[in-house]
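With the hints as constraints, model all of the structure from the sequences given.
Now for the letters of each chain:
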Amino acid sequence: MSHLDLAVRRDPILRAERLNKVYWLGTAVYAVDNVTLDIEDGQYVLIKGASGSGKSTLLSLMAGIDRPTSGDVILDGQRLNVLSENALCAVRRQKVGMIYQFFNLLPGLTALENVALPIRLSGTPDWFALRHAANLLERLGLAERSRHRPPQMSGGEQQRVAIARALANEPKVLMADEPTANLDRRTTREIRKILVELNRDLGQTVVVVTHDTGMAEDAHRVLTIADGRIIRDEAGGAA
Amino acid sequence: MRTLVYLGQVNAMRNLGRSLMSVLVMAIAAFMMTSSLSVGEGYTTQRAAEYRAFLGGDVLVYPGWTWPTQTDLADLKTGAPGLSVLSPTFGSPLRYFHPNYYTSGYLTGDAGQPSPDYSFFPSRQERDEVLAAISGVPGVAGIYAFSSVPVVDGRIAATFSNGLTMISENLPLSGFSVRACPPNLLADAGADTPPELRPALGTPNPPRTVTVDRGLGQTLLEFMTWETGVVPSGGRQLSSADGDALVAVVNRRAVIARCDLAAKDISYPLDQQGQSVRLVLPTIVQGSSPDQAPYFDYGKTIAVEVRIVGTYDVLSRLYSRKPGPSVTIYEQLFLEAPELLMPQAGFDRLLALMGLPAGGQPPTGALTLRLENQAKAVEVVAALRAAVPGLSAVSVADEAAYANLRGQPERVYELAPAGSIGVTRRRTGGRLWAIPSSPFPPLGQPTVPADTGNLFAVLLFAFAGLVAAGNATLLVLSRRTEFAILKAIGLRGFEVGFTVMVEVVTLATAGLLVGFTAGEIMALPIILTNSLDLPAVVRAIGQDLGVVAPVTLGCAIVFSLAPMAKTLSITVAEVMRANE
Numbered sequence: 001m002s003h004l005d006l007a008v009r010r011d012p013i014l015r016a017e018r019l020n021k022v023y024w025l026g027t028a029v030y031a032v033d034n035v036t037l038d039i040e041d042g043q044y045v046l047i048k049g050a051s052g053s054g055k056s057t058l059l060s061l062m063a064g065i066d067r068p069t070s071g072d073v074i075l076d077g078q079r080l081n082v083l084s085e086n087a088l089c090a091v092r093r094q095k096v097g098m099i100y101q102f103f104n105l106l107p108g109l110t111a112l113e114n115v116a117l118p119i120r121l122s123g124t125p126d127w128f129a130l131r132h133a134a135n136l137l138e139r140l141g142l143a144e145r146s147r148h149r150p151p152q153m154s155g156g157e158q159q160r161v162a163i164a165r166a167l168a169n170e171p172k173v174l175m176a177d178e179p180t181a182n183l184d185r186r187t188t189r190e191i192r193k194i195l196v197e198l199n200r201d202l203g204q205t206v207v208v209v210t211h212d213t214g215m216a217e218d219a220h221r222v223l224t225i226a227d228g229r230i231i232r233d234e235a236g237g238a239a
Numbered sequence: 001m002r003t004l005v006y007l008g009q010v011n012a013m014r015n016l017g018r019s020l021m022s023v024l025v026m027a028i029a030a031f032m033m034t035s036s037l038s039v040g041e042g043y044t045t046q047r048a049a050e051y052r053a054f055l056g057g058d059v060l061v062y063p064g065w066t067w068p069t070q071t072d073l074a075d076l077k078t079g080a081p082g083l084s085v086l087s088p089t090f091g092s093p094l095r096y097f098h099p100n101y102y103t104s105g106y107l108t109g110d111a112g113q114p115s116p117d118y119s120f121f122p123s124r125q126e127r128d129e130v131l132a133a134i135s136g137v138p139g140v141a142g143i144y145a146f147s148s149v150p151v152v153d154g155r156i157a158a159t160f161s162n163g164l165t166m167i168s169e170n171l172p173l174s175g176f177s178v179r180a181c182p183p184n185l186l187a188d189a190g191a192d193t194p195p196e197l198r199p200a201l202g203t204p205n206p207p208r209t210v211t212v213d214r215g216l217g218q219t220l221l222e223f224m225t226w227e228t229g230v231v232p233s234g235g236r237q238l239s240s241a242d243g244d245a246l247v248a249v250v251n252r253r254a255v256i257a258r259c260d261l262a263a264k265d266i267s268y269p270l271d272q273q274g275q276s277v278r279l280v281l282p283t284i285v286q287g288s289s290p291d292q293a294p295y296f297d298y299g300k301t302i303a304v305e306v307r308i309v310g311t312y313d314v315l316s317r318l319y320s321r322k323p324g325p326s327v328t329i330y331e332q333l334f335l336e337a338p339e340l341l342m343p344q345a346g347f348d349r350l351l352a353l354m355g356l357p358a359g360g361q362p363p364t365g366a367l368t369l370r371l372e373n374q375a376k377a378v379e380v381v382a383a384l385r386a387a388v389p390g391l392s393a394v395s396v397a398d399e400a401a402y403a404n405l406r407g408q409p410e411r412v413y414e415l416a417p418a419g420s421i422g423v424t425r426r427r428t429g430g431r432l433w434a435i436p437s438s439p440f441p442p443l444g445q446p447t448v449p450a451d452t453g454n455l456f457a458v459l460l461f462a463f464a465g466l467v468a469a470g471n472a473t474l475l476v477l478s479r480r481t482e483f484a485i486l487k488a489i490g491l492r493g494f495e496v497g498f499t500v501m502v503e504v505v506t507l508a509t510a511g512l513l514v515g516f517t518a519g520e521i522m523a524l525p526i527i528l529t530n531s532l533d534l535p536a537v538v539r540a541i542g543q544d545l546g547v548v549a550p551v552t553l554g555c556a557i558v559f560s561l562a563p564m565a566k567t568l569s570i571t572v573a574e575v576m577r578a579n580e
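Which chain is which? The protein sequence lines are A and B, in order. Everything in the first sequence is counted per my numbering, starting at 1 for the first residue and increasing by one. Everything in the second sequence is counted per my numbering, starting at 1 for the first residue and increasing by one.
Among the hints, erroneous ones may be present.
[To be verified] Computed list of lysine to any residue pairs in SDA-like fashion (alpha-carbon distance at most 20 Å, straight line): (1) K566/B x E85/A; (2) K566/B x F494/B; (3) K566/B x L460/B; (4) K566/B x N86/A; (5) K566/B x V458/B; (6) K300/B x D117/B.
[Unchecked claim] Ranges between beta-carbon positions, derived for each pair: (7) G546/B x P107/A: 33 to 41 Å; (8) G203/A x R2/B: 29 to 37 Å; (9) P107/A x R2/B: 51 to 59 Å.
In case anyone wonders, no lab produced these hints; they're calculated from the structure. Glycine included, C-beta positions come from ideal geometry on N, C-alpha and C.
Rendered as structure tokens:
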């Protein structure tokens, strides 16, 4: 039984309803144009498209990082459009794990502290947060590097720390924005493997925005976006 | 909360290099405030402590016309009421601070009233009214009447060591006064007497002999360990147990000054058992009506046997000068006050022997007020002037500062040229007036450094806060992505702002620690030379910290609002844009 089969039988974990994001640059520019989309729990979804096609904007709307001009996002049954900024912060903290192209780790904190930070912010006792963070780093092969700060680590190591941080609060959806764009081939393979394992072994819902067409092999579903619209929705290599 | 504080602290340490300017200005501000507080605390406690101890209080009060201001001097003209020459025999603190007003100095106009000789107060009633008015002024802890009578004649035996032999000499006491000993100088002074007003018994090395420097510049090394203050230097101190006995202590330096010496060693002018001296004093004659002041009758004198049981020195400044490169010569300065101090009851008995009737007005050269807090002397003086219009009130510390600018009131062996008395001629109302002018340059009222120091420190804090706020705002703007990350992982806007506040406060705390420590180190010599014990020093430092820390941190919090506000405009979407 595949994860896709499992997902079919469940409510979507993430739904985008006629989502629009318009920038006014003299004329209206639709970064995201009337996108409606359901992502099932446990799915690995890949969003690909040319540069400037609107894929990262769509991801930030679905993650509650940005607000749509119109339309709504329903994440784990919760409508994001009606939430205040503080409530949206809480949603991001509890339900979304974000991985960025440039890792976006806090340079002053060690790897362990970076991973533990979202857990601490949830009000979890420090000792538990640190232990949980250490477990995550160990699982990602970074036990030896937990006391190092980001500037002392390689790009691949930093991205693995970023993945650990994204997983820290056991999010409903793990979203990644060009997670391998800044990495060499070998490291790219490592990161891809980690994402696949997270999805396959833990049932983690994963949404990845990428230029890397090779990652389509890892996904259950591949969405192609152009000019802010989904122009193709097809099964990926893992389907 | 702990996580946010930790985040702010980590950021502060990480960005320390870029925030050095903030830390530095905060440190300077904290240093300035600490210095002004500590120096102010020490300075106001110790300011002119030897004169305050010797005169019996912190503030001197005279009738309104007594203490001329610069305005008075500018308005001075012959025949103006209220300005007059004081009799050289009149006992008043003015003789130490304003000797030119006192003797045949430059105030030579027709005063239009008799020169005060017995009391500054024309009548007992007026004296009592002033006493009643000033006793109600907040901050006044006690009042001592500076009351003395002139010695017409008398001799004291002094002993000198001249090489191997001891030489005795009888020195004249004419020109001396007998004064009621202020209560703070009694051996059993009340517990409420502040330590700096007590006799300085802690002198570690009181020299039994003194080399008098007559300009030869001999170094008196033993004085290096001396403190300023009133120092018992022979015999015993007076105490309330003396009752109304006719016993006295004498200013040793004033006796020494009567010797015709050239670099001779001088021992105490009395032996340890004391010596009886026969003082010739004027009689006191009551005025023609009860509300008129009595006066001294020098034509009719009495002789009184007074036992001198001890000596004291009033040590003031330690002079240092450099006659050559790498040579520093120190010279201890003393107040040569030609006075014998008697216990109050003995002095009252002396007045009675001189003819003062019971209930009569004792001679009064000033009222000396002891304050609850010397640091508030300026405020209390202002309150006194407001409470009793026309009253002449001045702090002893200000008087000492004013006088010391001219090398007074101590005997200084190397006085600067005094200049000459100038005369300005002015024609008024068809008459030519000769108006004497001061041989000294005009001086304004002395200021209180601690007050101006505080004001400057506060202004400096405002400046430091602005620099820190500007610096922190620039830092925030240069780290927008970092704050956006915090928002992306779920920090709310005010939580991000709070980390910035913690960062600014942490930097301010670093500045506070540096500046406060430096300020206290700079102030330590002043605090330590105040003869304060360790708990008092610790208390003073604690009090300083209690002021400087809240001001520094409060300033940091207020001025962190600007960079905090900047974080509110940072959106979490900037994390995504940074990637594109």
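Here's how the hints hold up against the structure:
With a C-alpha separation of about 17 Å, the suggested pairing of K566/B with E85/A holds against the 20 Å cut-off. Distance restraint check for K566/B and F494/B: the Cα-Cα separation of roughly 11 Å lies within the 20 Å cut-off, and the hinted pair is therefore satisfied. The hinted pair formed by K566/B and L460/B fails the criterion: a straight-line CA distance of about 25 Å is larger than 20 Å. Of the pairs offered as hints, the one joining K566/B and N86/A holds, with about 18 Å between alpha carbons and a cut-off of 20 Å not exceeded.
Note on K566/B and V458/B: the hinted pairing is violated, with a Cα-Cα distance of about 26 Å set against a maximum of 20 Å. With a CA separation close to 16 Å, the supplied pair K300/B and D117/B stays within the 20 Å bound. For the pair G546/B and P107/A, the supplied restraint of 33 to 41 Å holds, since their beta-carbon distance comes to about 37 Å. The supplied range of 29 to 37 Å is met by G203/A and R2/B, whose beta-carbon atoms lie about 33 Å from each other.
For P107/A paired with R2/B, a C-beta distance near 21 Å fails the hint of 51 to 59 Å.
Hint check: violations occur at hints 3, 5, 9; the rest are consistent with the structure.
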